[in-house]
Amino acid sequence: MNAPEAKPDLDSLPIKAEAKQLNFYYGAKQALKQIDLPIYDNKVTALIGPSGCGKSTFLRCFNRMHDLYPGNRYEGEIRLYPDDVNLLASAVDPIEVRMRLSMVFQKPNPFPKSIFENVAYGLRVRGLKNRTELEDRVEQALRDAALFGEVQDRLQDLASNLSGGQQQRLCIARALASEPELLLFDEPTSALDPIATGSIEELIHALRDKVTILIVTHNMQQAARVSDFTAYMYLGELIEFGWTDDVFFRPKQKQTEDYITGRFG
Amino acid sequence: MSEYIRRQFDLDLLQLKAQIAQMGALAEQQVSRATALLVRNEGNGKEIVQADDRLDQLEISIDDNCAHLIAKRQPAATDLRTILAVSKIASELERAGDKARKIARLARQVRAAQRADESWYQAMEQFSQEACQLLRDALESYANADAEVALEVIRKNRLLARRAAEHNRAVIDRMVKDPSAVEADLDLLNVVRAMDRIADHGGDLAEHVIYILKGADVRHASLDEIAKEVSDD
Ligand SMILES: Nc1ncnc2c1ncn2[C@@H]1O[C@H](COP(=O)(O)OP(=O)(O)OP(=O)(O)O)[C@@H](O)[C@H]1O
Ligand SMILES: [Mg+2]
Numbered sequence: 001m002n003a004p005e006a007k008p009d010l011d012s013l014p015i016k017a018e019a020k021q022l023n024f025y026y027g028a029k030q031a032l033k034q035i036d037l038p039i040y041d042n043k044v045t046a047l048i049g050p051s052g053c054g055k056s057t058f059l060r061c062f063n064r065m066h067d068l069y070p071g072n073r074y075e076g077e078i079r080l081y082p083d084d085v086n087l088l089a090s091a092v093d094p095i096e097v098r099m100r101l102s103m104v105f106q107k108p109n110p111f112p113k114s115i116f117e118n119v120a121y122g123l124r125v126r127g128l129k130n131r132t133e134l135e136d137r138v139e140q141a142l143r144d145a146a147l148f149g150e151v152q153d154r155l156q157d158l159a160s161n162l163s164g165g166q167q168q169r170l171c172i173a174r175a176l177a178s179e180p181e182l183l184l185f186d187e188p189t190s191a192l193d194p195i196a197t198g199s200i201e202e203l204i205h206a207l208r209d210k211v212t213i214l215i216v217t218h219n220m221q222q223a224a225r226v227s228d229f230t231a232y233m234y235l236g237e238l239i240e241f242g243w244t245d246d247v248f249f250r251p252k253q254k255q256t257e258d259y260i261t262g263r264f265g
Numbered sequence: 001m002s003e004y005i006r007r008q009f010d011l012d013l014l015q016l017k018a019q020i021a022q023m024g025a026l027a028e029q030q031v032s033r034a035t036a037l038l039v040r041n042e043g044n045g046k047e048i049v050q051a052d053d054r055l056d057q058l059e060i061s062i063d064d065n066c067a068h069l070i071a072k073r074q075p076a077a078t079d080l081r082t083i084l085a086v087s088k089i090a091s092e093l094e095r096a097g098d099k100a101r102k103i104a105r106l107a108r109q110v111r112a113a114q115r116a117d118e119s120w121y122q123a124m125e126q127f128s129q130e131a132c133q134l135l136r137d138a139l140e141s142y143a144n145a146d147a148e149v150a151l152e153v154i155r156k157n158r159l160l161a162r163r164a165a166e167h168n169r170a171v172i173d174r175m176v177k178d179p180s181a182v183e184a185d186l187d188l189l190n191v192v193r194a195m196d197r198i199a200d201h202g203g204d205l206a207e208h209v210i211y212i213l214k215g216a217d218v219r220h221a222s223l224d225e226i227a228k229e230v231s232d233d
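As you go down the protein sequences, you meet chains A and B in turn.
Each residue of the first sequence is one higher than the last, beginning at 1 in my numbering.
Each residue of the second sequence is one higher than the last, beginning at 1 in my numbering.
Next comes chain B alone, as it looks inside the complex (with noise of 0.2 Å):
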């Protein structure tokens, strides 16, 4: 490969770079609107609506461009790795975006119903900046390909994913008690579901990241492991 050819390839990469930068704000921004209309009821849910299919149309055009870049440039090595978890990287964008809109599409009825109390929607304000938090520690360590920010991103998942259960116990625990209004009290834990996959989407993209930069498939593995590949060189 040409010096020049190199330079192209490179700058192809930046680009992708880029639009997965421009995602991450996006789907960030999603996130804490959602919560925003969940908890303070401020903003609209058209609007959120309307900036998911933004979401999706990025993600179209990022596949697309890795396509392209495959066929063009027929990489290897660790500019393969990275064409490929783009595209994952990606998608996972969409699918947090995704969760955002059923989180927007949820507080109507969960502020209609009134069975949340104030420590509740306080506990979701902070478990939707913490899943923020997660998603863009997750893109940082893309952006500036470092393993460590990814594996404590993997690691602070696992632990966010631990206090999801907990928010839903109180809630299941009344369910039982008092099956009176099981369909809004599901709603409640549908909310926390979604918070809790939007910070698993920040978590599984830092993994693609792992995959980058060590070529390692981490998808299944235990934190040990994980810890093991980044500190492998």
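Only chain A is shown next, with the shape it has when bound in the complex (with noise of 0.2 Å):
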């Protein structure tokens, strides 16, 4: 009676990731809350929520970014599938789980180096060395970054010169080029223009065929464009996880109804 159009069972879905009464501490800080929130397989699921909610923080127990920090606590899991690892666990080594998932961060920041060296770095770290197969990988995420057509005559050239929309699509080209299981997004337009922000939500939209991706945006248009999922955050709590659709159609929850229409606060 409700559907616009019907939308699979949610059962029937496969999961790439999974957080399980996720809770994280900054020291004697509780920033995330209990969370539970499934990461559906080759879908774009976007994080929105007020400012200082959590979403950065989320984003980042994915690749055990606050393990550079003492002090830092995780409880609970995050499991990825399919070989159902706890991502959390001591025993997995952060190295070992930043190689399978990628982060794009809101400032485009690409190496100090050139173009080409900006894609192949991520896989010569992994141990790449034959030229041939280097260049075709590169090429390869440069194409699926919608990046190669502007850049294939100056791949010498330094990142630094280009545009603010086209180093962050070089960003995602790095990220794609060690073929990530699960793309990370914070806030990844921010910083561009409209077009340019235009060109990478038209990307993620595109990638979401060959990689599941999670993406942190503060803005809710921009969330209902190019998201699957959505989920809403508040102090360091998940209040809402759904299908865009409904989340930004009828959302069940006031709170969430008051954040997307602007009531809040």
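It should be emphasised that the hints constitute simulated quantities derived from the structure, not laboratory data.
For each residue, glycine too, the CB sits at the ideal point set by N, CA and C.
Do not rely on the hints blindly, as some may be mistaken.
[Stated by the list, open to error] Stretch by stretch, here's where chain B covers chain A in the computed footprint (C-beta under 8 Å, at least three residues):
#1 220-233
#2 241-251
[What the hints assert, rightly or not] Simulated pairs of lysine-lysine, DSSO-like, Cα-Cα distance not exceeding 27 Å:
#3 A:K43 / A:K20
#4 A:K129 / A:K210
#5 A:K7 / A:K43
#6 A:K252 / B:K46
#7 B:K17 / B:K156
#8 A:K252 / B:K88
#9 A:K43 / A:K254
#10 B:K88 / A:K254
#11 A:K33 / A:K210
#12 B:K88 / B:K72
#13 A:K7 / A:K254
#14 A:K210 / A:K7
#15 A:K20 / A:K7
#16 A:K252 / A:K43
#17 B:K88 / B:K17
#18 A:K43 / A:K33
#19 B:K17 / A:K252
#20 B:K88 / B:K156
#21 A:K252 / A:K7
#22 B:K72 / A:K254
#23 B:K228 / A:K7
#24 A:K107 / A:K254
#25 B:K102 / A:K252
#26 B:K46 / B:K102
#27 A:K43 / A:K107
#28 A:K254 / B:K17
#29 A:K254 / B:K228
Bring the two chains, given one by one in their own frames, into a single complex with the hints.
Pasting the structure below:
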């Protein structure tokens, strides 16, 4: 009676990763509270919520970035499938984890190297030495990031000569080159103009056929445009999770409704 | 969205609400006037036709405002549902107005043909009042965001539809027995049908209100299903 079009049953969708009863502490300060959240395979999941609600904190748990600072503490699990490994287990090497996931940040952060080297770097780190194979993989990643056409004649130019939007797509190419299973974006377009933003959004939409995507965004329209699922967080808690269509059209929780319609605060 | 923008948006929505209230009052007045012309030969048909133009213009203006709000504010959730539904509510009121105009147009013929007795006229007076009440209640359910009242309107409209069929049965029986004035008798059926449709527009309006408040499209739902949506939180 309500659904504009039938959506597949959630139980029938494969899950790529899943937070289970996840707590996170910056020292004494608890930043994430009992988060249970499935990340569906080959879908885009958007995380929204007011500033400081814990979106970035959540994202950084996936690639164990918090491990770099003493005093940070995880409880609970983030399971990665199909092998069902707990990313947060102390037995799991954070370096291994980071091999399987890639993160793209708010500000494009290319290395001070050539366009080619920016993408090739991660592959070299992974032990790829064969020149032809390296070139093929770099080209493929640049194509997947919808950048190849614009840079194919200047692969040896410094990455810093690219426009902001191009730099961000280069960072996406770099992230894609290692063929991650999960791609994490933290506000990937907040430093870009509307046109560059549009091309990144288009890219995110197209990429979900290849990779599962989790994206933090402040721009609600962006969440509505690019994602299949939306999670709304507030004060470290997950308030609502569902199909983006439903969350934006008929949210279940009053808090979500208030946030989405700007009645918040 | 900043607090300032949110406030502006709320003002826009209030303005839509005021326009709907204006349309609603006008539509109701049209039905009363058409009924007075039919039942008591009071008033004049031209005035009714002119006022109907006003309803048409208001509908267009509301639709235009809705389209602009969607473009400008990119509304979501209840805001979006409200705007979509307001445009439909305006259309219900415009169409209720059309039925009033139709009754006004039939009034002269019906009176001239003298095929209706006093009890039929009284029944039409009564029917018209109930249809107007339905419209009013439906508009109130929108103005007060009251799903219970909307549900009641839908329920009453379904009862009224049954009554319309009863009014018609006597006329149809007579047409079968005495087909000499079939055309004039058809006019009587058409009046009843127009009255019934006015009440239907009230019922449909109430369904749009439930859509705003509950996010459920209940246009083809049973009363029980609608009641369930209304009691759901
Ligand atoms: N390194 C840190 N040490 C202590 N507290 C931190 C640290 N980083 C973040 N926090 C706190 O944790 C909470 C969540 O922060 P986080 O950066 O995850 O929020 P966010 O939802 O990403 O916000 P924004 O939308 O502004 O980026 C905030 O209260 C923040 O102040
Ligand atoms: Mg953040």
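Going down the list of hints, with the structure as the test:
1. 220-233: It holds: at least three residues are needed, and the segment 220-233 of chain A offers 3 whose Cβ sits within less than 8 Å of chain B.
2. 241-251: Result for this restraint: holds, n = 4.
3. A:K43 / A:K20: 19 Å, holds
4. A:K129 / A:K210: 24 Å, holds
5. A:K7 / A:K43: 13 Å, holds
6. A:K252 / B:K46: 50 Å, violated
7. B:K17 / B:K156: 24 Å, holds
8. A:K252 / B:K88: 24 Å, holds
9. A:K43 / A:K254: 26 Å, holds
10. B:K88 / A:K254: 25 Å, holds
11. A:K33 / A:K210: 31 Å, violated
12. B:K88 / B:K72: 20 Å, holds
13. A:K7 / A:K254: 23 Å, holds
14. A:K210 / A:K7: With a Cα-Cα distance of about 21 Å, the restraint between A:K210 and A:K7 holds, given a limit of 27 Å.
15. A:K20 / A:K7: 24 Å, holds
16. A:K252 / A:K43: Distance ~21 Å between A:K252 and A:K43 Cα, so the pair holds.
17. B:K88 / B:K17: The hint holds at about 13 Å.
18. A:K43 / A:K33: Holds. A:K43 to A:K33 sits at ~24 Å (cutoff 27 Å).
19. B:K17 / A:K252: It holds: about 25 Å lies between the C-alpha atoms, which stays within 27 Å.
20. B:K88 / B:K156: 21 Å, holds
21. A:K252 / A:K7: At roughly 17 Å apart (the allowed maximum being 27 Å), A:K7 and A:K252 satisfy the hint.
22. B:K72 / A:K254: Between B:K72 and A:K254 the Cα gap is close to 24 Å, so the pair holds against 27 Å.
23. B:K228 / A:K7: 22 Å, holds
24. A:K107 / A:K254: Roughly 33 Å between the alpha carbons, so the hint for A:K107 and A:K254 is violated.
25. B:K102 / A:K252: It is violated: about 44 Å lies between the C-alpha atoms, which goes past 27 Å.
26. B:K46 / B:K102: 12 Å, holds
27. A:K43 / A:K107: 24 Å, holds
28. A:K254 / B:K17: Holds - the C-alpha atoms of B:K17 and A:K254 are around 22 Å apart, at most 27 Å.
29. A:K254 / B:K228: 19 Å, holds
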